[in-house]
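S.K.: The primary structure of each chain is shown beneath.
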Amino acid sequence: KNQVEQSPQSLIILEGKNCTLQCNYTVSPFSNLRWYKQDTGRGPVSLTIMTFSENTKSNGRYTATLDADTKQSSLHITASQLSDSASYICVVSDRGSTLGRLYFGRGTQLTVWP
Amino acid sequence: EADIYQTPRYLVIGTGKKITLECSQTMGHDKMYWYQQDPGMELHLIHYSYGVNSTEKGDLSSESTVSRIRTEHFPLTLESARPSHTSQYLCASSEEKGADTGELFFGEGSRLTVL
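Keeping their order, the protein sequence lines are chains A and B.
When we follow our numbering, the leftmost residue of the first sequence carries the number 1, and every step to the right adds one.
When we follow our numbering, the leftmost residue of the second sequence carries the number 1, and every step to the right adds one.
Hints are computed from structural coordinates only; laboratory data are not their basis.
It cannot be assumed that every hint is accurate.
In silico contact screen, one side only, chain B against chain A (beta carbon under 10 Å); selected entries [claimed, not checked]: (1) 4; (2) 8; (3) 11; (4) 14; (5) 35; (6) 37; (7) 59; (8) 105; (9) 107; (10) 113; (11) 114.
Label pairs and their calculated CB-CB ranges [claimed, not checked]: (12) 5/A / 103/B: 20 to 26 Å; (13) 27/B / 26/A: 31 to 37 Å; (14) 69/B / 18/A: 44 to 50 Å; (15) 39/B / 59/A: 24 to 30 Å; (16) 17/B / 57/A: 25 to 31 Å; (17) 95/B / 61/A: 34 to 40 Å; (18) 113/A / 51/B: 43 to 49 Å.
Idealized CB from N, CA, C, for every residue including glycine.
The following block holds chain A by itself, in its conformation from the complex:
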């Protein structure tokens, strides 16, 4: 069964600290993996996309990694800011059909305290 599991479910850190969010998936065949950020009361916004051949990609203070062999991805946030408080959602796409199905994780709720 194609699934996307994220951990931890929630996380509280102090402003300025780093953190790492995890995403494990069983989706096959694999096409790509995206991390989205969803602020409270808003729609998700894409942070980064990882394809099969990519191991790491950075977007400002966000760095995503992908290990296609172990089917794991991580999102590392450096020097956290209050505005990083949000839900981070991992979304994996397969190549199984022209629809290109998307599989969503439940998200990690990050809270950054001053």
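Dock chain B against chain A, hints included.
M.R.: Structure of chain B alone, referenced to chain A:
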């Protein structure tokens, strides 16, 4: 910032009422989607469209219906709302045709509460 808009943002209605959630995008995207999101749960696809006059049901069974008469407009309708329909509804669009790598652009959501 994505040019995709949803109205209303918040709606509280009584059981049995008919409601329409509006979604419009100005990006010219062919693909549009409706997702349902409950707290702490993953997004579930309830409807999608690949273009004008094309609509399909998604993975999650829903009593709602959709229409796609114009490229930019993808409204969702509930003929008779029930408390079980209480949820957050997210509209999204993407530009690639038939591709599976398209970034989804989401609206800000419509939070529906049925009393």
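S.K.: Broken hints, numbered, in rising order?
M.R.: Result: hints 2, 3, 4, 10, 11, 16, 17 break, sorted rising.
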